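Chemist: Below are the chains, spelled out letter by letter.
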Amino acid sequence: MSNIVTRMGDGSMLEMSEKELREDIEAGIEEAVDKGGVPPLNQDEIEYLVELFKRKERIVGVEMGNEVILTYDAATLKIKRHSLFEDRVNSLAIYERLLGADTTELCHVDYSYKMLKPIVSYEAGTLEQALSVTHAPMFYGAMPNLGLYTQPDGPFPNPMELLPQGKIKEGRAAYDEMVASAVEDIVFIAESMWEAGADGINLDTVGASGDPDFKASLLAVEKLTAKYPDMAIEMGMAGEFVLGMHGEMYHEGQRLAGLYPTEQLKLAEKAGVAVFGPVVNTNNTESTPWNLARTIALIKPCSEAATIPVHANMGMGVGAVPVTDYPPVDIVSRVSKAMVELCRLDGL
Amino acid sequence: MGMAVAHAQASGMGGMRTAGDLVARLQLSKKMRIGQAKKYVADKLGVSVVELSDPIIMSEVRADNGFGIMMPLGKVPKGLECKFNIARKLDLDINCLNRFKARAGLA
Chain A
71 MSNIVTRMGD GSMLEMSEKE LREDIEAGIE EAVDKGGVPP LNQDEIEYLV ELFKRKERIV
131 GVEMGNEVIL TYDAATLKIK RHSLFEDRVN SLAIYERLLG ADTTELCHVD YSYKMLKPIV
191 SYEAGTLEQA LSVTHAPMFY GAMPNLGLYT QPDGPFPNPM ELLPQGKIKE GRAAYDEMVA
251 SAVEDIVFIA ESMWEAGADG INLDTVGASG DPDFKASLLA VEKLTAKYPD MAIEMGMAGE
311 FVLGMHGEMY HEGQRLAGLY PTEQLKLAEK AGVAVFGPVV NTNNTESTPW NLARTIALIK
371 PCSEAATIPV HANMGMGVGA VPVTDYPPVD IVSRVSKAMV ELCRLDGL
Chain B
85 MGMAVAHAQA SGMGGMRTAG DLVARLQLSK KMRIGQAKKY VADKLGVSVV ELSDPIIMSE
145 VRADNGFGIM MPLGKVPKGL ECKFNIARKL DLDINCLNRF KARAGLA
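Taken in sequence, the protein lines are chains A and B. Going from the first sequence to the numbering used here is simple: count from 1 and add 70. Going from the second sequence to the numbering used here is simple: count from 1 and add 84.
Hints were generated in silico from the structure; no laboratory data involved. Note that the structure is predicted; figures quoted are calculated from it, not measured. There may be inaccurate statements among the hints.
What the hints assert, rightly or not - Beyond 12 Å from chain A on every Cβ pair, some chain B residues (computed): (1) Asp127; (2) Gly130; (3) Glu144; (4) Val145; (5) Asp148; (6) Gly158; (7) Lys159; (8) Arg172; (9) Asp175; (10) Gly189; (11) Leu190.
What the hints assert, rightly or not - Within a straight-line C-alpha distance of at most 25 Å, the following computed DMTMM-like cross-link-like pairs (lysine to aspartate or glutamate) qualify: (12) Lys123/B <-> Glu133/A; (13) Lys293/A <-> Asp177/B; (14) Lys114/B <-> Glu339/A; (15) Lys123/B <-> Asp148/B; (16) Lys187/A <-> Glu254/A; (17) Lys173/B <-> Glu265/A; (18) Lys340/A <-> Glu254/A; (19) Lys115/B <-> Glu265/A; (20) Lys162/B <-> Asp157/A; (21) Lys128/B <-> Glu133/A; (22) Lys115/B <-> Glu322/A; (23) Lys115/B <-> Glu411/A; (24) Lys105/A <-> Asp80/A; (25) Lys173/B <-> Asp138/B; (26) Lys115/B <-> Glu198/A; (27) Lys114/B <-> Glu265/A; (28) Lys297/A <-> Glu339/A; (29) Lys115/B <-> Glu292/A; (30) Lys173/B <-> Glu198/A.
All C-beta atoms in this analysis are idealised placements derived from N, C-alpha and C, irrespective of residue type, glycine included.
Here chain B stands alone, though its shape is the one from the complex:
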């Protein structure tokens, strides 16, 4: 665990603190390399590539778009609700959302 934290501080994008989870989705769903994935997300969100790793800017972008924040207290999107917003904004298919829609009769 200590090692994971050290890597995150030295080299990691920061996950939900920033746009790390969003960029990761492009690597998985479209096999994009890091530069291409960052540019895709930055263009969709209207921020620069460097700003993607800035928790100050990205926490505002995430809150504005309902992408999920680190301290999700009352009256903010959480979990699956956020994934709907992420899929729509980034024009992505998210596997569990498709399963959810099919099972809930929303597909």
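Same shape as in the complex, but just chain A:
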């Protein structure tokens, strides 16, 4: 009998029987164990998920006392994305005083550190204004985005053109130059924003350009925390494993390509990160029970191993949230509750 209503990874509705639900949860766990080398969820955790998806309520939530802290990447950008032409200082006040945000984040519409260099003074001034009229801790955030460093947008040859020509050495050399340049940009902007009074710096979507992107972020964090030991840096990842675009890039003796959340966390912690944001990408051709079980299996060991707060990424297309601009509240609230309670997260 198909009486459990849930959704696919693209958000479309789906009916399943309890048997099908259990099969999807077990298959999701198996995928995580196989690919991520993590332990499977135990029987109690599987039963928790089965009961969660059997519930008929439209909205569910964590037990009282289990609430966590929410951080928001690109917060002011999300107001603008809706064609709401609200000033950014007011946008942040709206986040804290209308939406009950625990933290806020000022950002520029071109959300990459490289693009901020010519306008850093304007950004610092806006940050100072925002800090004077709001109350919640405020991040300044952007992405390392190494994709902007290759010709014609940037100064370096494009490894994606060099590698297919067999120019492996030249491609890797280009990546090395891109890393050095990105570190310089991230450090320059983060220093400016810290000196303007930011409570934290967010390095968002780290690893989007693979292992060089992660390497640049780790080096930048090391430089920044050596100079400013009190600087709180959040590192939010781009994917569940680090793509090997360079392939032979190492940090602290660890090869970066192919690292899953727990190993990513350990390097981030050692570099000096204050809040780590692991990611598991949503597969839109599988069901939400499959995606959620897989996500929990991959992120739970990361949270257990952490000594710093872990805020899992739970935006559209990650953390078992469906790949859609309009994530349904029935699914968002279910994955939100399960991730917090089973992974014992510190935030989202």
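Based on the hints, put chain B in the right spot on chain A.
Modeler: For chain B alone, kept in the frame of chain A given last:
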């Protein structure tokens, strides 16, 4: 935006409606995990950990301590004024306050 609201309702502490912003400060400034951060704030404020997420109790605690409230009309602390009260009560350094004091000749 709809997703952020759904997460806030399902799992969030509630920000300035409760003590979410205060607990967040401990995560950032002292790298405390959620349990430790909540206990630190609860102990400093003399409330229980569960009460930290209760808007009824916390709105009174926030008003009494000048931490900032959701509807800050006249004659109540706002913005930087609240941050001074938060830093003092929670025994925290707040970056923008230190910058403010230095620039205003108050350091």
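Chemist: Work down the list of hints and note, for each, if the structure agrees.
Modeler: How the hints compare with the structure:
{"no.": "1", "hint": "Asp127", "verdict": "holds, 16 Å"}
{"no.": "2", "hint": "Gly130", "verdict": "holds, 17 Å"}
{"no.": "3", "hint": "Glu144", "verdict": "holds, 17 Å"}
{"no.": "4", "hint": "Val145", "verdict": "holds, 14 Å"}
{"no.": "5", "hint": "Asp148", "verdict": "holds, 16 Å"}
{"no.": "6", "hint": "Gly158", "verdict": "holds, 15 Å"}
{"no.": "7", "hint": "Lys159", "verdict": "holds, 17 Å"}
{"no.": "8", "hint": "Arg172", "verdict": "holds, 15 Å"}
{"no.": "9", "hint": "Asp175", "verdict": "holds, 14 Å"}
{"no.": "10", "hint": "Gly189", "verdict": "holds, 17 Å"}
{"no.": "11", "hint": "Leu190", "verdict": "holds, 15 Å"}
{"no.": "12", "hint": "Lys123/B <-> Glu133/A", "verdict": "holds, 17 Å"}
{"no.": "13", "hint": "Lys293/A <-> Asp177/B", "verdict": "holds, 22 Å"}
{"no.": "14", "hint": "Lys114/B <-> Glu339/A", "verdict": "holds, 13 Å"}
{"no.": "15", "hint": "Lys123/B <-> Asp148/B", "verdict": "holds, 20 Å"}
{"no.": "16", "hint": "Lys187/A <-> Glu254/A", "verdict": "holds, 10 Å"}
{"no.": "17", "hint": "Lys173/B <-> Glu265/A", "verdict": "holds, 24 Å"}
{"no.": "18", "hint": "Lys340/A <-> Glu254/A", "verdict": "holds, 20 Å"}
{"no.": "19", "hint": "Lys115/B <-> Glu265/A", "verdict": "holds, 20 Å"}
{"no.": "20", "hint": "Lys162/B <-> Asp157/A", "verdict": "holds, 19 Å"}
{"no.": "21", "hint": "Lys128/B <-> Glu133/A", "verdict": "holds, 24 Å"}
{"no.": "22", "hint": "Lys115/B <-> Glu322/A", "verdict": "holds, 22 Å"}
{"no.": "23", "hint": "Lys115/B <-> Glu411/A", "verdict": "holds, 20 Å"}
{"no.": "24", "hint": "Lys105/A <-> Asp80/A", "verdict": "holds, 22 Å"}
{"no.": "25", "hint": "Lys173/B <-> Asp138/B", "verdict": "holds, 19 Å"}
{"no.": "26", "hint": "Lys115/B <-> Glu198/A", "verdict": "holds, 24 Å"}
{"no.": "27", "hint": "Lys114/B <-> Glu265/A", "verdict": "holds, 19 Å"}
{"no.": "28", "hint": "Lys297/A <-> Glu339/A", "verdict": "holds, 17 Å"}
{"no.": "29", "hint": "Lys115/B <-> Glu292/A", "verdict": "holds, 16 Å"}
{"no.": "30", "hint": "Lys173/B <-> Glu198/A", "verdict": "holds, 23 Å"}
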